[in-house]
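Asks: Going line by line, the protein sequences match chains R and L.
Residues in the first sequence are numbered consecutively from 94, following my numbering.
Residues in the second sequence are numbered consecutively from 233, following my numbering.
No lab work stands behind these hints: they were computed from the structure.
Don't take every hint at face value.
[Claimed, not checked] Stretch by stretch, here's where chain L covers chain R in the computed footprint (C-beta under 8 Å, at least three residues): (1) 137-145; (2) 245-252; (3) 281-288; (4) 471-482; (5) 523-537.
[To be verified] Derived DSS-like pairs: lysine-lysine, alpha-carbon spacing no greater than 25 Å straight-line: (6) L:K393 x R:K475; (7) R:K259 x R:K399; (8) R:K248 x R:K128; (9) R:K399 x L:K393; (10) R:K248 x R:K475; (11) R:K475 x L:K259; (12) R:K259 x R:K248; (13) R:K475 x R:K399.
By construction, the Cβ of each residue, glycine as well, lies at the ideal position given by its N, Cα and C atoms.
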Amino acid sequence: MAEFVWPDWAAMAPAIILTLTALMLFLVDSLNPRKTSGAVLSGVATVGSLVALGITGWFLAAGTGEEAITLYDGALVVDTMSLFFALIFTSVTVLVSVASFDYLRDSPNQGEYYILVVLAATGMTLMASANSLAVVFVSLELASLPSYALVAILKQNRGSVEAGLKYFLIGALSSAIFAYGISLVYGVTGSLKLADVATSLNGGFEGLTGVLGIGVLMVLGGFAFKTATVPFHFWAPEAYEGAPAPVSAFLSSASKAAGFAVAFRVFVTGFPIEAVAGTIDWVLAFQILAVVTMTLGNFAAATQDKVKRMLAYSSIGHAGYALIGLAALYGQPGNNEWVMGGAMLHLLVYGFMNTGAFLFIALVEYWGVGRTFEDYNGLATKAPIASVAMTAFMFSLAGLPPFAGFMSKYVLFMGAIGAGFWWLAAVGAINSALSLYYYSRVVKAIWIEDPATEFEFQDRPVGLYVAIVAAAIMTVALLPAFGPVTDQAFSAAAALFA
Amino acid sequence: MLIEALIAVTLLSAAVVFFAPNRVAGKLAFALSLLPAAGSLWMYSRFGGEGNALLGGELAFEETATWVSLGQYSLNWHVGLDGISMPLVVLTAVLTPLAILAAWTPIDERQSQFYGLMLFMETSLLGVFSALDFMVWFVFWEMVLVPMYFLIGVWGGPRRKYAAIKFFVYTNVASLVMFIGFMAMVFGIDGLNTLDLPAIAQALNDGALSGLGPLSAETLQVVAFFAMFLGFAVKVPVVPFHTWLPDAHVEAPTPVSIMLAGVLLKMGTYALLRFNFTMLPGVAQDYALLIAVFAVVSVIYGAMLALAQTDLKRIVAYSSVSSMGYVILGLVAYTMYGVGGATFQMVAHGLISGLMFMSVGVIYNTTHTRMVSDMSGLADRMPVTVAVFVAGAFGYMGLPLMAGFAAEFFIFVGSFQSTVLAGTVLGTNGLALLTGLAMFGIVIVAGYLLLAMQRTLFGPFEVETDYEVDRAAFHDVAPLVVLVLLVILLGVNPDIFYTMIQDAVREMPDVATAAATGGGN
Chain R
94 MAEFVWPDWA
104 AMAPAIILTL
114 TALMLFLVDS
124 LNPRKTSGAV
134 LSGVATVGSL
144 VALGITGWFL
154 AAGTGEEAIT
164 LYDGALVVDT
174 MSLFFALIFT
184 SVTVLVSVAS
194 FDYLRDSPNQ
204 GEYYILVVLA
214 ATGMTLMASA
224 NSLAVVFVSL
234 ELASLPSYAL
244 VAILKQNRGS
254 VEAGLKYFLI
264 GALSSAIFAY
274 GISLVYGVTG
284 SLKLADVATS
294 LNGGFEGLTG
304 VLGIGVLMVL
314 GGFAFKTATV
324 PFHFWAPEAY
334 EGAPAPVSAF
344 LSSASKAAGF
354 AVAFRVFVTG
364 FPIEAVAGTI
374 DWVLAFQILA
384 VVTMTLGNFA
394 AATQDKVKRM
404 LAYSSIGHAG
414 YALIGLAALY
424 GQPGNNEWVM
434 GGAMLHLLVY
444 GFMNTGAFLF
454 IALVEYWGVG
464 RTFEDYNGLA
474 TKAPIASVAM
484 TAFMFSLAGL
494 PPFAGFMSKY
504 VLFMGAIGAG
514 FWWLAAVGAI
524 NSALSLYYYS
534 RVVKAIWIED
544 PATEFEFQDR
554 PVGLYVAIVA
564 AAIMTVALLP
574 AFGPVTDQAF
584 SAAAALFA
Chain L
233 MLIEALIAVT
243 LLSAAVVFFA
253 PNRVAGKLAF
263 ALSLLPAAGS
273 LWMYSRFGGE
283 GNALLGGELA
293 FEETATWVSL
303 GQYSLNWHVG
313 LDGISMPLVV
323 LTAVLTPLAI
333 LAAWTPIDER
343 QSQFYGLMLF
353 METSLLGVFS
363 ALDFMVWFVF
373 WEMVLVPMYF
383 LIGVWGGPRR
393 KYAAIKFFVY
403 TNVASLVMFI
413 GFMAMVFGID
423 GLNTLDLPAI
433 AQALNDGALS
443 GLGPLSAETL
453 QVVAFFAMFL
463 GFAVKVPVVP
473 FHTWLPDAHV
483 EAPTPVSIML
493 AGVLLKMGTY
503 ALLRFNFTML
513 PGVAQDYALL
523 IAVFAVVSVI
533 YGAMLALAQT
543 DLKRIVAYSS
553 VSSMGYVILG
563 LVAYTMYGVG
573 GATFQMVAHG
583 LISGLMFMSV
593 GVIYNTTHTR
603 MVSDMSGLAD
613 RMPVTVAVFV
623 AGAFGYMGLP
633 LMAGFAAEFF
643 IFVGSFQSTV
653 LAGTVLGTNG
663 LALLTGLAMF
673 GIVIVAGYLL
683 LAMQRTLFGP
693 FEVETDYEVD
703 RAAFHDVAPL
713 VVLVLLVILL
723 GVNPDIFYTM
733 IQDAVREMPD
743 VATAAATGGG
753 N
């Protein structure tokens, strides 16, 4: 009897399962619209994304992506990197789905909410696998369109609607720019598949230098929008602050990581630096973006007086750190996988710590506590467990040692130093030190300040608690367990440069 | 696996206590903290290490495992104990239960969180003293700050927020400077592929350091040495980096002060010994005079500051600065007695300062004042507490047959014999003068302690307070008595720790000589 061989398309299982989950949710919701219980919807979304997460973890552990599997004539690729990013997206989706159960209790449109979350996660997973500019664009839109709606899902809330509109308008504009950039690149190279684009560029592009340069720059702008990189970040504070907190968590962690997944693949595979350096040195462009993004994000965060908005700016700052993964490439030989692997690790850790922090905000919003730092005073007396978790998130975001955020920053900055870009690491380290100021403000408010008024809440939302505690456990556990994930990230990055 | 077990049990206890009900937290924490204490004593009884951990010695309870591999680098979990770290582990594990007992009376809110954090701090401290890989060590080193910040910030006195932030910022900035200095040095070592401390010490002493970028090996060493010295000096603290200490101590509740003075300050001197003096003996000798001057200034200036205080706790706090100055002096002398005495002083001072802070705390619990001028004749009402306070004060003054005497005696002998210091512009006579000056610090200590005791403890009973002054509770006095007995035990028989300490520091003078004659860096 012939041994059963999995078909190649089975490698896309995470995305397929997410799609099926979305359809399943659609079905469940349409059976009895308006009356479907939130528990069922949240449960289906959670189970679906958990299965996708499990399969992704299994693929990674089994080494499925070590030999890249290409599908549809090379338009999609499943390799260690796409699986690594899928791990981030599905983890965040699980956390957000669990937490949303409490957050959305009694609010309308719950069915749509979960469908949109899972569809966006599908789009992100495809983005990580996209190996052709056309697929990149389609999957980017699949991830973005649900996001616009998600931000505005609280239809009665002015902030939410305004944020959604703003996000949509800027998003539509940047999609247009991105599409135009793709068309210019296509015009020069005559191909959309990244490998063919690279081959064509390596063969020279006489007389089309300017067209290609503008094209690459426009593509870069599209990513900058998705990752909330300065100067395309203006939507981010508004959207993250106006959106329901679980959606902010989803967008600022998963959606940002998706942007990076695409950027890593498109620039390294599609625009080989030795071919395009004469036209546009995108490494240099990313260096500028990284420094500006880190610094602006951190300084803006330091001046906020609302916690959620502070986190929004801090998320911009972290995009700056992750940009080092592109900015410190092609320095000293042999360091590329270290640099990019470091950025991937930071995005993974960030996926947990940042999601957790936003979910803590969700918890606080659920209890009806105010939004400023002062409103958080003394929360630890009422909610010690959640406060311990939040402390772990804050210190981890700041990069203090007992948490995983320290290790990921350490690897990233050391990679940059090893590649010869010590000044990038220095800017990063200074920004990290500065960030301790505003992160510790939250900790200080929660633990040390006395509450201005008695908090009045008895209810302990189980879903939110589970999600927050799980994120905290991961934030701590990834420190001792940093070895295996590092191996995955490094081999994922190494495969990209091979 | 013993060290891992010790750390894991403590961490688990911390977690259990943190979520226990407030009512039982204190008793539970005390009971659980006896586990690591007993464990550390058991480990002490089975200690089989030989030599210095960083100089190729035989380690006790050593464990190694790969943690993260980064390209050609790898970070390892590497723990083990030698004659320097074993006494400090015992000190940490023994002092914590006593500090927890001392917390029963003063801590009256959010107890479970308090005791949980105390145990969490103990976990990190045990890790600091047993870690032998830089990254593991650094994680534990920074882990100490987090509970300390909360312990001062939440349960402290009226200016606790200021004191907590000041402590946090000072020590974090210091850690950052140290980290950068150390990493710069490591980058300058050829062919190094781990951050293993013994391997790094070996490489440095073999002269494997080459330059880094525009810095030559010599410059890099000096830069790294001072970056690390600054980082650790803040922790010790060495004058002029000591200004966070009085604030932290005065605002911290008694049990936290006990841990802060008793163990946390030793992290600084321990790290100085491990990093600066063992890894870079060449630079340490080149700048021996400067460091010795820092040490003596700390001794004298700390004592003078103590003399000027009117708050009993501040007096004890500043005298810690003075005592830690002796440790630095012993280290820089680079003789067996000097370095051994310095290590012994870490333990001795840990116990004595714990004792002093604890008795001040007990007095404060009853009188609700710490001002020398507000109290008189306490011996009348609190005989046991006062007797212990007097005993502790004599320990501070270096009374023979108490731990402080043995420690300071070794340090002075070591300092007098120091060829390193005598080789500087000081010469033999200058060295004698410098050591004599340091010894004069003891006279000042005796002066202010006798003065303070005479005013507060003896004479007619008179206390300006609205509270009933009465004997302290049993659980307040018991740890005091235990500490006094330990101080006397170590004074009568210093060999309990000194034998293993001596064994671990025996090679230090040779390392120094080798470095000076150009055999190493």
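Asks: It remains to establish, for every hint, whether it holds in the given structure.
Replies: Okay, the hints, checked on the actual structure:
{"no.": "1", "hint": "137-145", "verdict": "violated (count 0)"}
{"no.": "2", "hint": "245-252", "verdict": "violated (count 0)"}
{"no.": "3", "hint": "281-288", "verdict": "violated (count 0)"}
{"no.": "4", "hint": "471-482", "verdict": "holds (count 5)"}
{"no.": "5", "hint": "523-537", "verdict": "holds (count 4)"}
{"no.": "6", "hint": "L:K393 x R:K475", "verdict": "holds, 20 Å"}
{"no.": "7", "hint": "R:K259 x R:K399", "verdict": "holds, 20 Å"}
{"no.": "8", "hint": "R:K248 x R:K128", "verdict": "holds, 18 Å"}
{"no.": "9", "hint": "R:K399 x L:K393", "verdict": "holds, 21 Å"}
{"no.": "10", "hint": "R:K248 x R:K475", "verdict": "violated, 31 Å"}
{"no.": "11", "hint": "R:K475 x L:K259", "verdict": "holds, 23 Å"}
{"no.": "12", "hint": "R:K259 x R:K248", "verdict": "holds, 15 Å"}
{"no.": "13", "hint": "R:K475 x R:K399", "verdict": "holds, 20 Å"}
Checked against the numbered hints given earlier, this structure breaks hints 1, 2, 3, 10; the rest are met.
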